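Visitor: From first to last, the protein sequence lines are chains A and B. Numbering of the first sequence is given in the numbering used here, commencing with residue 170 and proceeding in unit increments. Numbering of the second sequence is given in the numbering used here, commencing with residue 170 and proceeding in unit increments.
Source of the hints: derived by calculation from the structure; they are not laboratory data. Quick caveat, the model's predicted, so the values are computed rather than measured. Incorrect hints may appear among the rest.
Intra- or inter-copy, both count: the list cannot distinguish identical chains.
With a straight-line cut-off of 27 angstroms between C-alpha atoms, the simulated DSS-like cross-links for lysine-lysine are [what the hints assert, rightly or not]:
1. Lys-231 x Lys-932
2. Lys-254 x Lys-602
3. Lys-375 x Lys-779
4. Lys-709 x Lys-814
5. Lys-562 x Lys-600
6. Lys-214 x Lys-779
7. Lys-184 x Lys-295
8. Lys-295 x Lys-710
9. Lys-765 x Lys-254
10. Lys-858 x Lys-295
11. Lys-800 x Lys-600
12. Lys-748 x Lys-562
13. Lys-602 x Lys-184
14. Lys-184 x Lys-375
15. Lys-765 x Lys-710
16. Lys-779 x Lys-254
17. Lys-295 x Lys-231
18. Lys-375 x Lys-709
19. Lys-231 x Lys-214
20. Lys-779 x Lys-765
21. Lys-295 x Lys-214
22. Lys-184 x Lys-231
Number of protein chains: 2
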Amino acid sequence: MSIGQSAARVDAYDKVTGAAQYTDDMCPANALRVKLVRSTIANGKVLSVDVSEAVRVPGVVKIVTCFDAPQRPFPTAGHPWSVEKAHQDIADRYLLARRVLVYGDEVAAVIAEDEVSAARAAKLVKVEYEEYPPLTDVQDALRPEATTLHDEYPGNVLAHTVMRFGEGFDRTVQGRDCEVVEGEYWTPTVQHCHIELPVSFAWMEKDRIHVVSSTQIPHILRRIVSQALGIPVGRVRIVKPYIGGGFGNKQDALVEPLAAWLTTCVGGRAVRIELTREETFCFTRVRHAIQFRLKTAVLSDGAFLARKAELWSNQGGYASHGHAICANAASGLRNMYPDRELSYESDAWSVYTNIATGGAMRAYGIPQQAFALECHVDDIALRMGMDPLELRKINCMKLGYTAAGTGIACHSTGLVECMERGRDFIGWDGKRKLYRDQTGPLRRGVGMAIFCYKTGVYPISLETASARMVLNQDGSAQVVMGATEIGQGADTVFCQMAGQTAGIRPEDIRVVSTQDTDTAPFDTGAYASRQTYVSGMALKKTAESFKARILAYASRLLGRPAAELDLIGSAVVEQSGGKTLLPLSELALEAFYSLKDSEHITAEESVHCKDNTFAFGACFAEVEVDIPVGKVRIIRIIDVLDSGKIINPATAAGQVHGGMSMSLGYALGEELRYDANARPLNGNFLDYKLPTSLDTPDLYAGFVETDDPTGPYGNKSLGENPAIPPAPAIRNAVLHATGVAFNRLPLNPQRLVEGFISAGLIKEARQEAIG
Amino acid sequence: MSIGQSAARVDAYDKVTGAAQYTDDMCPANALRVKLVRSTIANGKVLSVDVSEAVRVPGVVKIVTCFDAPQRPFPTAGHPWSVEKAHQDIADRYLLARRVLVYGDEVAAVIAEDEVSAARAAKLVKVEYEEYPPLTDVQDALRPEATTLHDEYPGNVLAHTVMRFGEGFDRTVQGRDCEVVEGEYWTPTVQHCHIELPVSFAWMEKDRIHVVSSTQIPHILRRIVSQALGIPVGRVRIVKPYIGGGFGNKQDALVEPLAAWLTTCVGGRAVRIELTREETFCFTRVRHAIQFRLKTAVLSDGAFLARKAELWSNQGGYASHGHAICANAASGLRNMYPDRELSYESDAWSVYTNIATGGAMRAYGIPQQAFALECHVDDIALRMGMDPLELRKINCMKLGYTAAGTGIACHSTGLVECMERGRDFIGWDGKRKLYRDQTGPLRRGVGMAIFCYKTGVYPISLETASARMVLNQDGSAQVVMGATEIGQGADTVFCQMAGQTAGIRPEDIRVVSTQDTDTAPFDTGAYASRQTYVSGMALKKTAESFKARILAYASRLLGRPAAELDLIGSAVVEQSGGKTLLPLSELALEAFYSLKDSEHITAEESVHCKDNTFAFGACFAEVEVDIPVGKVRIIRIIDVLDSGKIINPATAAGQVHGGMSMSLGYALGEELRYDANARPLNGNFLDYKLPTSLDTPDLYAGFVETDDPTGPYGNKSLGENPAIPPAPAIRNAVLHATGVAFNRLPLNPQRLVEGFISAGLIKEARQEAIG
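Could you put together the complete structure from these sequences and hints?
Guide: Shown next, in the form of structure tokens:
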């Protein structure tokens, strides 16, 4: 199926039948099992570890503690490395922690022949701590009396970035006739909840360490493991099989450096670490909770004149992706409504605390930013008495906009059309009126939100990718990517791209889904919705080279200039007229086995991408709010996206449905909560309210296809995007339905009921009954 | 270590410690087990198979019989495919046999959850046959009354080739004053006895079949499996891990097509087939027993005037490598002594019988040829009263010789020097005299033999290879070969070659030893001692491209023309003067991560080799024969080889030791024997007399290094060569010691005693005692 067609996923059959191989399927049966001994405090220092009783448990092979592990700090973020020190990720992790910063930090590791022995022994390891008061709240961590968590960051501020565009809020509004709207918005700590738990096994051959892992970033992980162990990159090999979801959590080095080190502790025997669901919730990465304070000056016609923002991001115990996420949120606040007159200033802080470390999670700061800003825009519309849709149309990013800090330009936009499609779908104009003056316990409303999202990480970071194609004897070809399938359907669209560009029937293209860093072309991996764009560029270039090499061989074989030939549908044809000259299968057989002129036809290309482009979208939701019980029912909801040209409408829609589902959870139920000791209260699927299929309404996906001039196939970012706007659209619909502005996610029953009581929609008696 | 140095084997550590992964190490624990139901007759037809009782055995998943299997004949030989029908291998194998041609042919396959259930059920499968008289002997198979084994080959002659060079024996000798010497020589059926048994497992993903196997020829196997199953090549993937020896047996499709088909019978579940040692002996491949009838006319000065040869090769039940081996022996008879005056004519027959199928085994017909011819040459020397060494010097191939049939030229030769080195080592001149007139039960003798051996298969067949190199962030590089390490040390010399040509420290070169046909460059595999030569050419070309790409990047980075730069010892240096400009590790880091100019540096090249060259060697042996007990003790033995430039003297010597050991077994003990029903009599390590280390004398290896102009590094064939001359050298030493010419291998005690009785060296009484 060529580009633009809904080709079936290339991995569908294997994933449905169970034939697809995941990390754990590949683990040798005799691999040693690891149980990690985790800290029982969230902030403190390990004084001693006593393993004397634990080592006596039969089956235990070795126990290593934080006092055995090298104290070489390493970074964990899935970013391309930088040769410039200033741009390198913060190295603040250790293989095992002597300084404990998160409840559950790894203090020791028990390696045993089986799970049971490992678990039994782990319970017998005795750890003595020196404890400091735990910090869960950003504002608490900023207080002068708070313990400094990292010596290099006194005051616990990992970073503070300042953006100033224009003359500044006060100077801009001075003397102008404008309304100033202020608001404060909070997003919660949430977890990715990928199906497959973090799992990894490692073994040694000679002086090399081999790691098989469920990761989004095999090539980056190779470098991180080498840094963590202090060995050259070439002595590490990473293999990435199919993975059962990542959503950014696996865009980080999780258990891999430890697995790699542990195999060196047992003579190179295979060592397997799999986290439990509870460990994954509590001790891997989370989406940063961010507190936003926004202030916007609006002219009477609705034009935004100036905006000021403050952001405080709860980083948790370690840097991971560092300040990048909070900074991305800050620049997103500017990019969405960058009217030329707008003055924009922001201060963004990432602050260390003792909760789980914030890292990448689907859309990298923008779900937080969009929640704050899109709530704020509806608050402005309410104050101004304007239609929120019209207000957005006036102020949103237009074609030709260039972001001042990054130089990223708006090369194409279908945003307004997205809004129009959403308006029609939801019946916006009618329902905005219809639901205006409701009474009673059940009230309906419609809300919307928009977003813009970049494509890849240029120019903040390196964008590079490569690909390889290999011809087989039957005229079929393998595509070997460094880019990774992580469930998003990358492999399928890569086959479509390669087939289309090379002129080979898509059914004859097979993608090698497992990345082995020894042989897979280099690519930084699956994040930033970059792969169809950046890796797509590399693949397009590769497919062009591949086709050129095939035609060069055809030229020799047929005795005609290559320029007269073309490859279409797996056949060499006359460029003018299209007459079929030779099936590719015959050419391939000849190229392999000719006694006169044999050649192994392959192609490999790398690209350094120096561009970026904005994708857009809008969500429209209609909700019914049950005021007394604080419940929101989604009646209808749609994400309409401008992701440029859609390579595969069916799998794109699948991505949208998944993203919307995540955002529904973000809107209505999910929040990882901590007690005063920074211990997670609900780190499991019983207590953490992830929506199930029964909680999920019908999800609608719409696409406004633009043809982006920078995308290899006119395409722009798509994977993360749909997870951005539903939460604010739902909040705005609740505002429309009830007149109550909820500024803190999630909109769960307790929060709603409290809000309705404050707003007088629920009477005191009811409050007492609940209280 | 660069070329010419004794670098340690790159796989030594892993093979010694057990870290190296072989096929069975990679087999999933839940793979289904297969037991093959084998025919209990050697010649006949399956009338019916009754599985009714067998399927009731608990644990049995499925039983398939020859009546279930597709009747699509396929070839099994590890030859490159030919696009010309006439050059394609004979397709006479079926996945399961209805027409039984070898005792033990696979008639049905039991697939079960475990070995025990499979074996129990296999015993309960009842097979009815129609039986025909079995044929074990070639001359019997040629009789008119013999059953025709393959309808396409009436009279059981697979092929008969005729060579005629010169005017013919009779015309040439007519009127010339010459001596005519005739002799008849027999070589036995022997088996490879590789340590690792044939093992393979297969599973399906989507519509593709994946096969992991202990094979020398992954890319060829991919094609064979596709032919056997009637599916496109692209739907088959072969993975070849480390293998525990092959020696040609694994240059054939053994269990792989069946494993591939069986997984399709159980819905794609993993299916594993491992043969037992007994199955391997009796039902895989063997070295052809060949009967030679030779006649040579010799002038009084010792010059060979004319030779006439007849060869009958026992092909066993199936074609496998077909007539190629016998034809190779026939052309070897000419090439070794191709004095310009020589008239040569030969008739060579490959004849189907009902014993195990003859296939490739180390040196492909030349051990047989060399035994016959080198015995014959000593017989001539004896008749002429000449020194066998001098006789060989007069007549052996000289520089500049071009073989008439193939056009293969003698580009370099150190043969005479090999003989001189052997003469010195063994003390030839003195001992030839010293041992002249011995009496008593213990007698000593010295003997010698020489050989020539081609390098690769050009122009008989396609010679093509390719390689890929991949730069890592630390300046190290992977070498990815299609060529296979099969224990011979290929990976080690590839690292030396790549390092030397690219200018990278050998310790920074890592070879990817596992070939995966999806990603490994195409190469036909390990056979014909071709890899250092043909694959070496591909690797050299690749390393040159790789270096050029590195220097091109260095040129951009340093702002200097690439022509002024060189890469030496993993550093970019000034070409003139050699000043170090940039370590490769720094360049690599920049190439990966530069925000200005990032590039993933790799290189891949394929070559079509259209050349071949002769390697040479000589073996000298001193033996002591215990006449009454018929025992030969090797006192000293040396192989002196001209294999061109030696890439790695230590591993080359290892190859020589191994080859000599195989030839000692060939000389003195090994023979796979059959009863009248064509059932193997000694197909196991108790009864088949493979020499152990205790049977093996000190083995000496010598090299006369020539610099072959066609070899990529001056090198020529080496792997198979040392296995050629020891057997005839020992026979000739026994002749020297005792005056008795043994013309049939092996020279085991029974044969020797019988010979000494015939020759009158042992008296009648003794004969009776033995009889």
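Visitor: Now look at each hint and say whether the structure bears it out.
Guide: Verification of the supplied hints:
| no. | hint | verdict |
| --- | --- | --- |
| 1 | Lys-231 x Lys-932 | neither (63 angstroms within a copy, 71 angstroms between copies) |
| 2 | Lys-254 x Lys-602 | neither (57 angstroms within a copy, 80 angstroms between copies) |
| 3 | Lys-375 x Lys-779 | neither (40 angstroms within a copy, 37 angstroms between copies) |
| 4 | Lys-709 x Lys-814 | within (15 angstroms within a copy, 44 angstroms between copies) |
| 5 | Lys-562 x Lys-600 | within (19 angstroms within a copy, 106 angstroms between copies) |
| 6 | Lys-214 x Lys-779 | neither (45 angstroms within a copy, 70 angstroms between copies) |
| 7 | Lys-184 x Lys-295 | neither (43 angstroms within a copy, 40 angstroms between copies) |
| 8 | Lys-295 x Lys-710 | neither (57 angstroms within a copy, 60 angstroms between copies) |
| 9 | Lys-765 x Lys-254 | between (54 angstroms within a copy, 16 angstroms between copies) |
| 10 | Lys-858 x Lys-295 | neither (34 angstroms within a copy, 61 angstroms between copies) |
| 11 | Lys-800 x Lys-600 | within (20 angstroms within a copy, 107 angstroms between copies) |
| 12 | Lys-748 x Lys-562 | neither (51 angstroms within a copy, 63 angstroms between copies) |
| 13 | Lys-602 x Lys-184 | neither (47 angstroms within a copy, 78 angstroms between copies) |
| 14 | Lys-184 x Lys-375 | between (35 angstroms within a copy, 9 angstroms between copies) |
| 15 | Lys-765 x Lys-710 | between (29 angstroms within a copy, 19 angstroms between copies) |
| 16 | Lys-779 x Lys-254 | within (21 angstroms within a copy, 52 angstroms between copies) |
| 17 | Lys-295 x Lys-231 | within (16 angstroms within a copy, 53 angstroms between copies) |
| 18 | Lys-375 x Lys-709 | between (38 angstroms within a copy, 26 angstroms between copies) |
| 19 | Lys-231 x Lys-214 | within (23 angstroms within a copy, 60 angstroms between copies) |
| 20 | Lys-779 x Lys-765 | between (43 angstroms within a copy, 9 angstroms between copies) |
| 21 | Lys-295 x Lys-214 | within (14 angstroms within a copy, 73 angstroms between copies) |
| 22 | Lys-184 x Lys-231 | between (37 angstroms within a copy, 25 angstroms between copies) |
The structure fails hints 1, 2, 3, 6, 7, 8, 10, 12, 13 (numbered hints given earlier, in ascending order).
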